[in-house]
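Single-letter residue listing:
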Amino acid sequence: MRNALRELGKHLRIYGMLFRLNVMSQMEYRANFVTGIMMELGYMVTKILYIVVAFRAGKSIAGFGPDEILVFVGTFIAVTGFYAGIIMNNFFQLSTIVKDGSFDTLMTKPVSLQFLATFRRSDIGILATDLLGGIVVTAIGLSRLGGLDALRLAGYGFYIACGCAVGYAVYLIPMTLVFRLVNAQAIAQVTDSFWDFNNVPMIVYGEAGRAIGTYVIPMFVITSFPSLFALGSMTTVQMIWGAVAPIVFLAIARFAWTKGIRNYSSASG
Amino acid sequence: MGVIEVEGLTRHFSYYEKAEGLGASLRNLFSRKKLVREAVRGVSFSVERGEMVGFLGPNGAGKTTTLKMLSGIMHPTSGSALVLGHVPWMRRKEFRMRISIVMGQRSQLWPDLPAIESFALNREIYELDRKKYDRTLGEFVELFGVADFLNVQVRRLSLGERMKMEIIAALLHEPEVLFLDEPTIGLDLLSQRAIRDLIRTLNERRGTTVMLTSHYLSDIEELCERVILINNGSIVYDGALVGVNAALAERKVVRLVLSESVALGTLEAYGGFRGLEGATATFDVARSTVRDFSRRVLGELPVADLTIEEVPLEEGIARLYRGEDAGRD
Amino acid sequence: MTEVSPSRAARKYLRSLSLGLRGALEYRINFLFSLLGAVSPVIIQTALWTCLYAPGPGGASATGSADTLFGYTYAQMLGYTVIANIVSRLVRTGFEYDLNNDIRSGGLDRFLVKPIDYFGFRMAQFIGAKSAEAVFMGAVLAACLAVLAAVAGLGLSALAVVGFVLALALAFVLNFLIFWCVGLLGFWLTEIGFLFEAVRIVIITASGGIFPLSVFGERGEAILRALPFRFTIQFPTEVLCGRVAPGDVALGLCVGALWILPLAALARAVWAVGLRRFVAVGS
Numbered sequence: 001m002r003n004a005l006r007e008l009g010k011h012l013r014i015y016g017m018l019f020r021l022n023v024m025s026q027m028e029y030r031a032n033f034v035t036g037i038m039m040e041l042g043y044m045v046t047k048i049l050y051i052v053v054a055f056r057a058g059k060s061i062a063g064f065g066p067d068e069i070l071v072f073v074g075t076f077i078a079v080t081g082f083y084a085g086i087i088m089n090n091f092f093q094l095s096t097i098v099k100d101g102s103f104d105t106l107m108t109k110p111v112s113l114q115f116l117a118t119f120r121r122s123d124i125g126i127l128a129t130d131l132l133g134g135i136v137v138t139a140i141g142l143s144r145l146g147g148l149d150a151l152r153l154a155g156y157g158f159y160i161a162c163g164c165a166v167g168y169a170v171y172l173i174p175m176t177l178v179f180r181l182v183n184a185q186a187i188a189q190v191t192d193s194f195w196d197f198n199n200v201p202m203i204v205y206g207e208a209g210r211a212i213g214t215y216v217i218p219m220f221v222i223t224s225f226p227s228l229f230a231l232g233s234m235t236t237v238q239m240i241w242g243a244v245a246p247i248v249f250l251a252i253a254r255f256a257w258t259k260g261i262r263n264y265s266s267a268s269g
Numbered sequence: 001m002g003v004i005e006v007e008g009l010t011r012h013f014s015y016y017e018k019a020e021g022l023g024a025s026l027r028n029l030f031s032r033k034k035l036v037r038e039a040v041r042g043v044s045f046s047v048e049r050g051e052m053v054g055f056l057g058p059n060g061a062g063k064t065t066t067l068k069m070l071s072g073i074m075h076p077t078s079g080s081a082l083v084l085g086h087v088p089w090m091r092r093k094e095f096r097m098r099i100s101i102v103m104g105q106r107s108q109l110w111p112d113l114p115a116i117e118s119f120a121l122n123r124e125i126y127e128l129d130r131k132k133y134d135r136t137l138g139e140f141v142e143l144f145g146v147a148d149f150l151n152v153q154v155r156r157l158s159l160g161e162r163m164k165m166e167i168i169a170a171l172l173h174e175p176e177v178l179f180l181d182e183p184t185i186g187l188d189l190l191s192q193r194a195i196r197d198l199i200r201t202l203n204e205r206r207g208t209t210v211m212l213t214s215h216y217l218s219d220i221e222e223l224c225e226r227v228i229l230i231n232n233g234s235i236v237y238d239g240a241l242v243g244v245n246a247a248l249a250e251r252k253v254v255r256l257v258l259s260e261s262v263a264l265g266t267l268e269a270y271g272g273f274r275g276l277e278g279a280t281a282t283f284d285v286a287r288s289t290v291r292d293f294s295r296r297v298l299g300e301l302p303v304a305d306l307t308i309e310e311v312p313l314e315e316g317i318a319r320l321y322r323g324e325d326a327g328r329d
Numbered sequence: 001m002t003e004v005s006p007s008r009a010a011r012k013y014l015r016s017l018s019l020g021l022r023g024a025l026e027y028r029i030n031f032l033f034s035l036l037g038a039v040s041p042v043i044i045q046t047a048l049w050t051c052l053y054a055p056g057p058g059g060a061s062a063t064g065s066a067d068t069l070f071g072y073t074y075a076q077m078l079g080y081t082v083i084a085n086i087v088s089r090l091v092r093t094g095f096e097y098d099l100n101n102d103i104r105s106g107g108l109d110r111f112l113v114k115p116i117d118y119f120g121f122r123m124a125q126f127i128g129a130k131s132a133e134a135v136f137m138g139a140v141l142a143a144c145l146a147v148l149a150a151v152a153g154l155g156l157s158a159l160a161v162v163g164f165v166l167a168l169a170l171a172f173v174l175n176f177l178i179f180w181c182v183g184l185l186g187f188w189l190t191e192i193g194f195l196f197e198a199v200r201i202v203i204i205t206a207s208g209g210i211f212p213l214s215v216f217g218e219r220g221e222a223i224l225r226a227l228p229f230r231f232t233i234q235f236p237t238e239v240l241c242g243r244v245a246p247g248d249v250a251l252g253l254c255v256g257a258l259w260i261l262p263l264a265a266l267a268r269a270v271w272a273v274g275l276r277r278f279v280a281v282g283s
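Protein chains in written order, with our numbering: chain G, 1 to 269; chain F, 1 to 329; chain L, 1 to 283.
Treat the hints as calculated values from the structure; they're not laboratory data. Computed from a predicted model, the values in this text were never measured in an experiment. Be aware that one or more of the hints could be misleading.
To be verified - 30 Å max Cα-Cα, derived DSSO-like pairs, lysine-lysine:
id, chain 1, residue 1, chain 2, residue 2
1, G, Lys259, G, Lys10
2, G, Lys109, F, Lys33
3, F, Lys132, G, Lys99
4, G, Lys259, F, Lys33
5, F, Lys34, G, Lys99
6, F, Lys132, G, Lys10
7, F, Lys34, G, Lys109
8, F, Lys93, F, Lys132
9, F, Lys131, G, Lys99
10, G, Lys259, G, Lys109
11, F, Lys33, F, Lys93
12, G, Lys10, F, Lys93
13, G, Lys259, F, Lys131
14, G, Lys99, G, Lys109
15, G, Lys10, G, Lys109
16, F, Lys131, G, Lys10
17, L, Lys12, L, Lys114
18, G, Lys99, G, Lys259
19, G, Lys259, F, Lys34
20, F, Lys131, G, Lys109
21, G, Lys10, G, Lys99
What the hints assert, rightly or not - For each label pair, taking beta carbons as the anchor points, the in silico distance ranges come out as:
id, chain 1, residue 1, chain 2, residue 2, range
22, G, Leu41, L, Ala245, 37 to 43 Å
23, F, Glu142, G, Ser266, 39 to 45 Å
24, G, Leu153, F, Lys131, 54 to 60 Å
25, G, Gln189, L, Ala222, 48 to 54 Å
26, F, Thr307, G, Arg180, 57 to 63 Å
27, L, Val151, G, Thr258, 43 to 49 Å
28, G, Arg180, F, Val87, 45 to 51 Å
29, L, Ala146, G, Ser266, 43 to 49 Å
30, G, Phe115, F, Gly145, 44 to 50 Å
Said to hold, decoys possible - Some chain G residues close to chain F (C-beta under 10 Å, calculated; not the full set):
id, residue
31, Leu18
32, Cys164
33, Ile247
For each residue, glycine too, the CB sits at the ideal point set by N, CA and C.
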């Protein structure tokens, strides 16, 4: 147990260093920093476009008014910062580093391989753009609805953390196919398109859609759940599942990863 | 019990046949043929602590694959290996803390940052004591003479300087076993020499066990007393480097510089004629007959100069690849 | 420059075409994934529209307006959504990354020395790859249209199909030219990063690839209709859905074709200027 804690501390320290190295790198060679911001702004426009279109068409979306929708979209944008700024590029790069051999070097380091492969790179421009945009939009929505008390805010934060964990796991699982398929870049692009399911409140998808998106491919746990909690619209079942899902899916992801590595080292060259 | 113990290590790769032409590509959409390549076949050897072993072979011989298995990157198809008492492909943390691998064409340094930052990251990864790290780093920096480059972005360094930094990064945690895969490829002579010196110093001072693959015989010649020759996945020779020549027919190379032109037919009649370049004729002669041969040509041909040389190492090893036995012509 | 017989020249480009085709066939998994990438947006947008067109307090009918939004009935909007997403994937380019790579790595030198026009080479490769994709996508499109006809009562006329094929060909050419210019940015910007992605999202949005351009309001739509982008996605889609009168189809094709001239001129100018700089300065 003590060993596990020590390892955790070590990995957190190393993450701090990696984050810092990424920031320094991007300040040096600013391509990714600047164009990352541009890219996220572009995506933010389309995210907001969905909502603008929806409101031009009707007065509310499935019972949620404009202010509530601001909370949904704002949370979505902010959590996208975690996805796109912290983990996405690691997934997109995975097949590249496997092909060029850098992955092999990572395998020989006395640090968790999964950790290195999925967290090594972070894009501060993307993270900052989404966090800023998301926080502003959410704050506007929440303030117009009367704000949040400390307890609800804490719960909101808790479910965001759970959502991020689920997002990490759900996106890692298909990426473990990189060890079997030649072109995992394509996988990353498809799963990337799934992220946008959260662009509209989950209620839009009908019962079957909601069930699939909550329990099978738990996209809605990632950003809809925290928003629902903040708005006080979360059912008890959802509250429990929202806390349990991260454990379940992280376990599945870990299993898929170790199996994938086993495949990689044993399989065809 | 050696530091590295390898027994019957085998590795097969399966792959799909690549298609030539549009018709074949279309056919491949429906069914593909699976082929097997035996990269490493039943390789066995043992390395003692402090040894420096050279792993030599042509492209595709199985050198890199073997190294990958010994460093834990790859599982073998069959066979066993123990490095520092660990099964490498189990990838235990303790194992990874005590070994290091440097692969010539690949970099573990962050290109847009000074090397010192990558070093600091390794310090954390290998849980090095701060004071010890500073001492070790200082020692390597001095040995390599790279103090001025520590704070320069890695991508601005020359290939030689970059490679030195790579090696420092790989050695900061003072590994007991060091795997080097083509470490000096593409480098200028001075850098090659500097790197060889560092590795030798490391081996002498710290007893680091080194397994080195290279295309450059000079690496092997200058560093390793023992060489393992591998070809088509199997070990062709395992022993002292000097033994390579001894394993061949004892032959010499005799070079004649001719003062007048001589007909090719005349030269060929002497046996062992290898070629004529300008005024220089080269002959391949058995050691026991060199004296008689020399006397004959000096008497019968217009020789301006005569030199007798050892068969070059490359040539000797090339012959071993081809499986030529001692005593053959 | 030596004289090259026309058949010889044709064979060169044919080979590039064949190469493009083969490359595309080899990456058959890529097709599947490219198609799968269209699934999410279609589902999301369909769900949204279903919600918005639904009768009841939340839907459009609540506002008392007719059952059209932004000029489309529910069935028409569904048709637009499905087809626009497929067309968007179909006309998508990717060569701007290769182009940028060639500029960055200096590999462009290799091409400049060969007696094949780089532009022609890239164009032929693009057409080759797209032709292969078009066959697969065409099958998918046909299936979707059948479903839409059954479910939403969407009709299909022979004229619409013919018009669609022509509009699609136009879309290929225009999209190629547009992204050729985008790719040429590599001559000036040493740091590209996510730039292509940023540009691509904006262009797709302006092409009607996410929502029909009427969602931007009167002013917005007028501005966007004045640009060439709508011919890459919105126009072919509308033609296939039968929303464009026969006369307007011909008119649209002409207007779209007219855009080829300024775009081609721009492409040439940028190439010339960029190449001068490349040869003088290096990558």
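Status of each hint after checking the structure:
Taken as a hint, the lysine 259(G) and lysine 10(G) pair is honoured in the structure, with Cα atoms around 25 Å apart against an allowance of 30 Å. Only pairs whose Cα atoms come within 30 Å are accepted, and lysine 109(G) paired with lysine 33(F) is rejected, the gap being roughly 37 Å. Restraint check for lysine 132(F) and lysine 99(G): not satisfied, since their Cα atoms lie roughly 36 Å apart, outside the 30 Å limit. Of the pairs offered as hints, the one joining lysine 259(G) and lysine 33(F) holds, with about 26 Å between alpha carbons and a cut-off of 30 Å not exceeded.
In summary, the hint linking lysine 34(F) to lysine 99(G) is supported, as the alpha carbons are separated by about 21 Å, within the 30 Å threshold. Straight-line distance between C-alpha atoms of lysine 132(F) and lysine 10(G) comes to about 19 Å, which keeps the hinted pair within the 30 Å bound. Proposed proximity of lysine 34(F) and lysine 109(G) is contradicted: the alpha carbons are some 34 Å apart, above 30 Å. Our distance criterion of 30 Å between C-alpha atoms is met by lysine 93(F) and lysine 132(F), whose separation comes to about 21 Å.
With a C-alpha separation of about 37 Å, the suggested pairing of lysine 131(F) with lysine 99(G) is violated against the 30 Å cut-off. For the hint linking lysine 259(G) to lysine 109(G), the alpha-carbon distance of about 19 Å falls within 30 Å, and the restraint holds. For the hint linking lysine 33(F) to lysine 93(F), the alpha-carbon distance of about 39 Å lies beyond 30 Å, and the restraint is violated. Of the pairs offered as hints, the one joining lysine 10(G) and lysine 93(F) holds, with about 13 Å between alpha carbons and a cut-off of 30 Å not exceeded.
A threshold of 30 Å between alpha carbons decides the hint, and for lysine 259(G) with lysine 131(F) the separation of about 40 Å lies outside it, so the pair is violated. A threshold of 30 Å between alpha carbons decides the hint, and for lysine 99(G) with lysine 109(G) the separation of about 18 Å falls inside it, so the pair holds. Only pairs whose Cα atoms come within 30 Å are accepted, and lysine 10(G) paired with lysine 109(G) is accepted, the gap being roughly 13 Å. For a cut-off of 30 Å, the pair hint linking lysine 131(F) to lysine 10(G) stands: about 18 Å separates their Cα positions.
Pair hint lysine 12(L) plus lysine 114(L) holds up; C-alpha atoms about 11 Å apart against a cutoff of 30 Å. With a C-alpha separation of about 19 Å, the suggested pairing of lysine 99(G) with lysine 259(G) holds against the 30 Å cut-off. Taking the CA atoms of lysine 259(G) and lysine 34(F), the gap is near 23 Å; set against the 30 Å cutoff, the hint holds. Between lysine 131(F) and lysine 109(G) the alpha-carbon distance is near 22 Å, which keeps this suggested pair within the 30 Å criterion.
Of the pairs offered as hints, the one joining lysine 10(G) and lysine 99(G) holds, with about 28 Å between alpha carbons and a cut-off of 30 Å not exceeded. Distance hint for leucine 41(G) and alanine 245(L): a CB-CB separation of about 38 Å, consistent with the stated range 37 to 43 Å. Distance hint for glutamate 142(F) and serine 266(G): a CB-CB separation of about 43 Å, consistent with the stated range 39 to 45 Å. Judged by the Cβ atoms, the range 54 to 60 Å given for leucine 153(G) and lysine 131(F) is violated: they are separated by roughly 45 Å.
Range check, glutamine 189(G) to alanine 222(L): Cβ separation about 34 Å, and the 48 to 54 Å hint is violated. A beta carbon spacing of about 59 Å between threonine 307(F) and arginine 180(G) agrees with the range 57 to 63 Å that was offered as a hint. At roughly 44 Å, the beta-carbon separation of valine 151(L) and threonine 258(G) lies within the given 43 to 49 Å, and the hint holds. For arginine 180(G) and valine 87(F), the Cβ-Cβ distance of about 24 Å falls outside the hinted range of 45 to 51 Å, so the restraint is violated.
Between alanine 146(L) and serine 266(G) the beta carbon distance is about 45 Å. The supplied range of 43 to 49 Å therefore holds. Roughly 35 Å separates the CB atoms of phenylalanine 115(G) and glycine 145(F), a value that falls outside the hinted 44 to 50 Å. A least Cβ separation of about 7 Å between leucine 18(G) and chain F falls short of the 10 Å threshold, and the interface hint therefore holds. For cysteine 164(G), the suggested interface contact is broken, since its CB lies about 24 Å from the closest CB of chain F, more than 10 Å.
At its closest, the beta carbon of isoleucine 247(G) sits 24 Å from a beta carbon of chain F; the interface hint therefore is violated under the 10 Å criterion.
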